[in-house]
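Protein chains in written order, with our numbering: chain V, 3 to 246; chain X, 200 to 492.
Don't take each hint at face value.
Quick look at which bits of chain X chain V covers, simulated, 3 or more residues with Cβ under 8 Å [as the list claims (entries may be wrong)]:
| no. | region |
| --- | --- |
| 1 | 305-313 |
| 2 | 418-426 |
These stretches of chain V come out as covered by chain X in the derived footprint (C-beta under 8 Å, 3 or more residues) [as the list claims (entries may be wrong)]:
| no. | region |
| --- | --- |
| 3 | 135-145 |
| 4 | 158-165 |
Chain V is nowhere near these chain X residues, computed Cβ spacing over 10 Å in every case [what the hints assert, rightly or not]:
| no. | residue |
| --- | --- |
| 5 | Glu327 |
| 6 | Lys345 |
| 7 | Asp382 |
| 8 | Pro388 |
| 9 | Val438 |
In short, the hints are calculated from the structure, not lab data. As the structure is a prediction and not an experimental result, all values here were calculated from the model. Think of the CB as a built atom: it goes at the ideal place given N, C-alpha and C, for glycine as much as any other residue.
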Amino acid sequence: MCIGQSLVSQLYKGSVHPAFAWVLCLVAVPTIFAASAPRDLLPPAADTVQGYIALLLINETPFPGERAWVSEEDTKAGMLAILWVVHSRLKIIPPGYRQEHIAAQRCDNVIDVITAGGEKGQCDGFYRDGSGRMVAARRVHERVDSLFKLASSGKPGRFARLLQYAKDLADAYVKDEVAGADCFAQLSHLSGVPVTGRAYAWMTDRAGYDPGGNFVKITDEADGLRGGNRFFTLKKLKGKLPAK
Amino acid sequence: MKLPYLLALALVGFMPLGAGAGTNEPPKVSALRELTNETWLFEVLHYVYDWYVDERDTAAVAKSGQVIFRVRELKPKLDEGDHSQFGEVLLPQFSLCIKVKNADYTVPELDVKIKNDEFKVVSVESFERGEHGRKGFTEVRAEYAKIRERLFKTRNQTSFPDDKLLDRMRVALWEEIGEDYEDRHEKPPQGVQTAYLASFSPVANEAWVFWETGRMIIRFASDIDLHNPAVWEHEKLAVTAYHIDRHVVVTLDEVGGSNEFMTRNEAGRALFNCLVLGKKVEVRFGAPGAAPR
């Protein structure tokens with residue numbers, strides 16, 4: 003069991019303070035991965051589950067020079083939080099909700115979650131083509147290829163470490179579980195609104211970009227802005243939402 | 200208790216700090232001083248006036264007779280050697296939170312030093328009442344009548360890139376358009392294509408373009424000053440495209456949890472800023488190996 007998992011289980015048992023878990027996760031997980039980074043600096047293959055997840059994590063977070071860039075730690079935190087959203091949409095549906103309320107459709111696996119809704123669906127640019135193959139839009143590949151090219155151009159630096167982190171995170175997920183704690187797992191109230199905890203959506207951090215419905219913005223005070231993305235949890239329900 | 204504090208302040212006043220220490224660079228002006236600078240705040244307001252504010256949003260301001268800005272410096276943990284400064288400007292009457300950044304760091308992979316001469320807008324978000332307290336913020340108030348007059352006078356004021364930058368943008372646009380057609384397995388357009396470029400804001404490293412023939416809104420945004428050729432050498436890292444027929448919805452609730460749609464309101468504003476206030480740009484397609492015009 004990885005550190006992230008054991009922390010999660012400790013969190014469930016209530017024996018670890020969430021803030022402590024998050025700090026540990028930010029320090030420990032990158033350190034573990036840093037020991038192995040960077041290795042093969044080749045873009046992830048979109049036809050494998052881990053490659054597809056890595057593509058998503060890389061595509062959704064800022065790199066140095068891009069507008070939402072803050073730091074290596076911030077982008078890594080964004081990648082981890084995105085993976086948790088994908089995982090939670092698949093496996094951790096809060097009481098009263100059905101998966102299709104959150105992920106737009108019934109999903110049997112992580113690829114279904116990522117590709118739900120088609121090319122301009124839940125994860126922009128990630129969809130299944132006519133024959134059901136998981137594919138990513140050309141601009142996703144172009145950006146990711148550019149990043150890999152830049153990362154390989156000199157002494158391995160932040161680009162290389164970030165790309166390796168995404169690949170390692172995706173590999174670990176496919177083999178085991180999310181390699182890091184969910185920093186939003188313990189959220190219970192936001193601006194006075196009872197919430198389910200965990201993030202179920204992320205969106206580019208811009209005005210008007212609100213997923214609407216029962217999604218509740220995770221505020222800055224709750225560290226809801228990571229890797230250039232705003233994360234959203236769900237309103238806690240008293241009853242059940244009707245089926246879609 | 201106050202003496203050491205005053206002593207420290209006195210020392211700080213005579214010591215070079217931050218990026219300027221030990222170099223020829225001038226020491227950085229205090230972030231808060233820049234963030235509370237009225238000229239800069241006006242430009243920020245002008246930017247949100249162009250891109251986010253509606254007439255109904257001004258009701259609260261008109262009633263109070265004052266525009267309220269709440270400003271604070273943010274101090275996220277940065278990478279070693281990164282001297283960027285971050286800040287936040289709240290416009291409580293408009294329920295808008297604007298994150299700003301004065302970038303100052305090096306990207307060896309891009310072979311570029313990213314250094315802005317002032318804070319630039321990174322994001323604009325709406326916020327709910329009660330989400331932000333006043334703690335830690337410095338309040339700046341400006342007389343609404345004066346601001347209104349200034350905004351009115353400058354509402355059609357525009358600023359467009361010089362020819363050099365325009366050429367770089369043409370190339371980027373040309374590539375985007377060509378690839379879009381390829382993706383749809385259609386033959387790329389031939390001849391002159393018409394696009395409209397929205398006016399640049401001095402407080403945002405972003406450019407909006409409406410490609411008329413292809414009915415597409417394209418946004419270029421970067422941490423790097425758009426005049427820096429590095430942005431356009433790595434333009435793939437800075438571009439987002441929206442087809443107005445496919446990627447615009449009335450409310451994002453229609454596509455709950457989805458990532459890349461824009462609202463009709465947002466698209467309408469982009470179209471107004473590009474078509475009405477913007478500059479017409481022509482891009483020539485077709486001749487093999489020809490550079491865009």
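Going down the list of hints, with the structure as the test:
no.: 1; hint: 305-313; in the structure: holds (count 6)
no.: 2; hint: 418-426; in the structure: holds (count 4)
no.: 3; hint: 135-145; in the structure: holds (count 5)
no.: 4; hint: 158-165; in the structure: holds (count 3)
no.: 5; hint: Glu327; in the structure: violated (6 Å)
no.: 6; hint: Lys345; in the structure: holds (25 Å)
no.: 7; hint: Asp382; in the structure: violated (5 Å)
no.: 8; hint: Pro388; in the structure: holds (18 Å)
no.: 9; hint: Val438; in the structure: violated (8 Å)
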